[in-house]
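Engineer: Take the sequences, apply the hints, and build the full model.
Line by line, the protein sequences are chains A and B. Heads up: the first sequence runs through residues 2 to 393, numbered per this note's numbering. Heads up: the second sequence runs through residues 2 to 393, numbered per this note's numbering.
Don't take every hint at face value.
[Claimed, not checked] Calculated from the model, a selection of chain B residues having no Cβ within reach of chain A, i.e. all distances over 10 Å:
| hint | residue |
| --- | --- |
| 1 | 61 |
| 2 | 65 |
| 3 | 87 |
| 4 | 89 |
| 5 | 226 |
| 6 | 319 |
| 7 | 331 |
| 8 | 337 |
| 9 | 340 |
| 10 | 378 |
| 11 | 384 |
[Stated by the list, open to error] Taking lysine to any residue and the SDA-like style, the derived pairs with C-alpha atoms no more than 25 Å apart in a straight line are:
| hint | chain 1 | residue 1 | chain 2 | residue 2 |
| --- | --- | --- | --- | --- |
| 12 | B | 168 | A | 45 |
| 13 | B | 108 | A | 352 |
| 14 | B | 75 | A | 3 |
| 15 | B | 169 | A | 109 |
| 16 | B | 378 | B | 341 |
| 17 | B | 108 | A | 171 |
| 18 | B | 47 | A | 2 |
| 19 | A | 47 | B | 169 |
| 20 | A | 210 | A | 301 |
| 21 | A | 75 | A | 37 |
| 22 | A | 108 | A | 78 |
| 23 | A | 168 | B | 79 |
| 24 | A | 47 | A | 28 |
| 25 | A | 338 | A | 255 |
| 26 | A | 169 | B | 107 |
| 27 | B | 108 | A | 257 |
| 28 | B | 210 | B | 357 |
| 29 | A | 387 | A | 317 |
| 30 | B | 101 | A | 94 |
| 31 | A | 169 | B | 109 |
| 32 | B | 338 | B | 365 |
Hint data in this document are derived by calculation from the structure and do not stem from the laboratory. Everything numeric in this text was worked out from a predicted model, so none of it was measured. Just so it is clear, CB atoms sit at the ideal spot from N, CA and C, and this is done for glycine as well.
Number of protein chains: 2
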Amino acid sequence: MEYLQQSFSVPFNYRVWFSSSIFNSDNPLLAQVVASPGTNAHAQRKILFVFDQGLLDANPGLPEKIRRYFAVHKNVLLVDEIISIPGGESAKNDESSFRKILNAVDKHGIDRHSFVAAVGGGAVLDTVGYAAAVAHRGVKHIRIPGTVLSQNDSGVGVKNGINYFGKKNFLGTFAPPFAVINDDTLLNTLSDRHWRSGISEAVKVALIKDAAFFEWLDANAESLANRNKEAMAYLVRRCAQLHLEHIASADPFESGSSRPLDFGHWSAHKLEQLSRFDILHGEAVALGIALDSLYSVLARQLTITDAERILHLLERLGFDTYHPLMAIDNETAPLLKGLQEFREHLGGELTIMLLDGIGKGVEVHSIDTVQLQEATKQLAARAGDKQLNPTN
Amino acid sequence: MEYLQQSFSVPFNYRVWFSSSIFNSDNPLLAQVVASPGTNAHAQRKILFVFDQGLLDANPGLPEKIRRYFAVHKNVLLVDEIISIPGGESAKNDESSFRKILNAVDKHGIDRHSFVAAVGGGAVLDTVGYAAAVAHRGVKHIRIPGTVLSQNDSGVGVKNGINYFGKKNFLGTFAPPFAVINDDTLLNTLSDRHWRSGISEAVKVALIKDAAFFEWLDANAESLANRNKEAMAYLVRRCAQLHLEHIASADPFESGSSRPLDFGHWSAHKLEQLSRFDILHGEAVALGIALDSLYSVLARQLTITDAERILHLLERLGFDTYHPLMAIDNETAPLLKGLQEFREHLGGELTIMLLDGIGKGVEVHSIDTVQLQEATKQLAARAGDKQLNPTN
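Structural biologist: The structure is reproduced here in structure tokens:
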């Protein structure tokens with residue numbers, strides 16, 4: 002049997018910037034980013050901004066600020082129409098936001114050498130990223146994450162997507178951004194709930210990869226809960242760094258069945274869906290960490306002392322560690338469907354990250370539902386105790 | 002300004018196979034391909050077939066043959082529902098075929114370790130490839146091209162897409178297939194017009210890259226026109242090889258503004274659209290080659306003798322070298338819009354491949370419309386002469 006072998010590698014490079022007040026005209030960063038190597042100086046490049054409506058409502062002056070910015074910095078032509086799409090999971094739940102972006106790309110002649118910049122939370126970045134990835138087979142995409150969660154986790158990675166057939170990220174691609182710009186001032190207008198929500202991904206990555214970072218989180222829990230900006234700046238940067246290192250060192254486009262960063266996520270995805278996205282992703286991840294930590298005590302080598310430290314840290318950060326949707330009364334409990342769906346999305350063998358210690362992730366390929374039920378019971382009992390003794 | 006640098010490379014590897022009667026149970030190739038390294042032995046892998054309706058009409062026994070094949074070769078589970086979508090550009094002109102494939106992927110639980118196999122012409126491969134690339138952020142895609150054009154050119158490459166906003170390939174991705182399998186027996190049922198149509202891409206790649214291949218085409222023009230299978234097998238393989246080498250050596254995902262393989266294509270794309278796709282892609286490419294060859298005489302170093310050889314070869318293969326839609330009467334002639342649209346799709350600076358000789362492509366960044374008009378006039382006159390003297 003004859004064949005021709007095709008083999009090539011495609012290099013991907015992008016920077017994750019950390020700055021403040023990036024839309025102030027005296028901050029040259031954004032202008033430098035759009036003029037950086039990889040952009041074509043011959044072409045009349047344009048930049049189209051897509052905003053998270055929630056972020057825009059909290060910062061109504063931003064479009065005017067952006068117009069002033071590009072009136073001063075003229076190396077790229079600002080598309081005058083600044084569009085917005087709903088924030089949160091609703092941006093991804095139907096195709097209207099996706100189509101709105103494609104329409105703007107077409108109407109304003111955004112080509113492969115021009116930019117679509119997304120400013121907002123993870124769902125908005127996912128939706129804009131998907132539209133940018135498939136329009137003209139990929140226009141340049143700049144991510145300007147507007148939440149803790151997107152600045153330290155989803156916004157710095159290579160994935161995008163929208164929901165379809167009611168399934169999370171059924172449609173999407175792996176498409177590295179042109180650049181990511183983290184502006185810490187965008188976090189100022191977040192609600193306490195959204196501020197907190199992003200911290201659970203830092204706890205997660207610390208638990209599976211970096212015990213020293215866990216110690217830092219443990220030592221700074223109250224500062225973080227009380228919105229200390231310096232503490233948050235460190236957290237965002239360290240968490241983003243661990244995330245970037247993981248992507249580059251392993252399997253960036255996830256050709257295998259494993260997704261090692263998804264500790265606590267099989268149940269988190271399901272809890273978000275079961276709650277119709279009332280539970281925020283970061284809150285669901287905190288619940289998932291709590292569950293899989295106790296399960297790791299029962300099924301793996303994590304000590305009960307370490308599991309208690311983890312639960313206590315989550316509580317000090319302001320997270321719940323139990324939700325009634327986690328109840329496992331029998332083999333058909335809704336939560337258990339999350340295991341099957343987690344396997345299906347990646348395909349192949351079920352692969353779940355657990356803990357053999359703080360900073361020591363370990364992958365397993367089966368879950369004992371009896372032990373899982375025991376873990377949820379312990380979490381429920383603990384939550385009940387807390388209600389009885391609120392001073393604990 | 003602080004930043005983290007992200008850098009990684011993603012390797013892509015796939016084979017383009019050449020075989021005969023691949024759905025006969027005694028041909029082990031297809032079973033070997035789905036069992037090859039890169040597939041996950043732990044998972045229950047499935048294969049979903051999507052057919053070009055035209056190919057299915059010409060080969061109505063194929064679905065039953067495929068069912069028998071996978072009844073014998075059980076290393077992958079055949080999805081019992083074998084679906085079909087219209088062939089030709091209509092598969093790409095609305096989203097219904099794209100959605101039909103996504104529905105089947107969802108309904109039959111095709112995950113990232115399972116396969117979607119497309120059997121058909123370039124438009125069908127483009128549509129199925131796009132659906133496979135975005136479903137679950139990419140399921141494994143096997144291309145089984147059913148036309149000369151797709152076996153030697155579009156089917157072996159890394160691009161997919163559908164039309165949107167009436168614009169060719171407005172939506173799409175760069176996504177290498179898992180494997181390509183060229184079955185020469187699928188060409189037997191092609192009409193003469195479709196058989197011929199794919200040959201123009203071989204003329205094109207010979208002209209810009211390989212003078213020896215042009216000599217071979219010149220020596221074998223009558224065999225090719227008369228459907229000699231051995232001649233076609235050589236053409237398909239050599240053309241596919243040149244195409245693969247080009248992709249691997251240059252810029253696989255086209256990050257620049259240049260598309261060196263698109264000699265003759267700026268006008269070809271426009272002529273297809275102006276004719277509402279009555280002119281087949283390969284026929285349009287022949288017209289585009291004729292035009293840009295004469296233009297290369299006027300604007301570059303191609304000799305009139307070599308241009309005549311090119312035109313004569315196209316005619317011996319059975320192609321027209323002029324069409325009334327190519328007329329340039331003034332600056333607003335429809336054909337001229339093709340230059341602008343060609344630039345817009347890639348973005349950046351206009352970049353057009355021309356010839357400085359046979360086998361010697363050269364890129365230019367502007368086109369003289371007066372000389373272009375002269376070239377179309379010469380083609381029109383030549384076509385008129387042929388009509389007056391049909392024995393020529």
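Engineer: State for each hint whether it applies.
Structural biologist: Verification of the supplied hints:
no., hint, verdict
1, 61, "27 Å, holds"
2, 65, "24 Å, holds"
3, 87, "22 Å, holds"
4, 89, "21 Å, holds"
5, 226, "25 Å, holds"
6, 319, "28 Å, holds"
7, 331, "24 Å, holds"
8, 337, "18 Å, holds"
9, 340, "15 Å, holds"
10, 378, "32 Å, holds"
11, 384, "35 Å, holds"
12, B:168 x A:45, "21 Å, holds"
13, B:108 x A:352, "23 Å, holds"
14, B:75 x A:3, "23 Å, holds"
15, B:169 x A:109, "17 Å, holds"
16, B:378 x B:341, "21 Å, holds"
17, B:108 x A:171, "12 Å, holds"
18, B:47 x A:2, "24 Å, holds"
19, A:47 x B:169, "22 Å, holds"
20, A:210 x A:301, "17 Å, holds"
21, A:75 x A:37, "14 Å, holds"
22, A:108 x A:78, "15 Å, holds"
23, A:168 x B:79, "24 Å, holds"
24, A:47 x A:28, "19 Å, holds"
25, A:338 x A:255, "23 Å, holds"
26, A:169 x B:107, "12 Å, holds"
27, B:108 x A:257, "23 Å, holds"
28, B:210 x B:357, "11 Å, holds"
29, A:387 x A:317, "13 Å, holds"
30, B:101 x A:94, "19 Å, holds"
31, A:169 x B:109, "17 Å, holds"
32, B:338 x B:365, "18 Å, holds"
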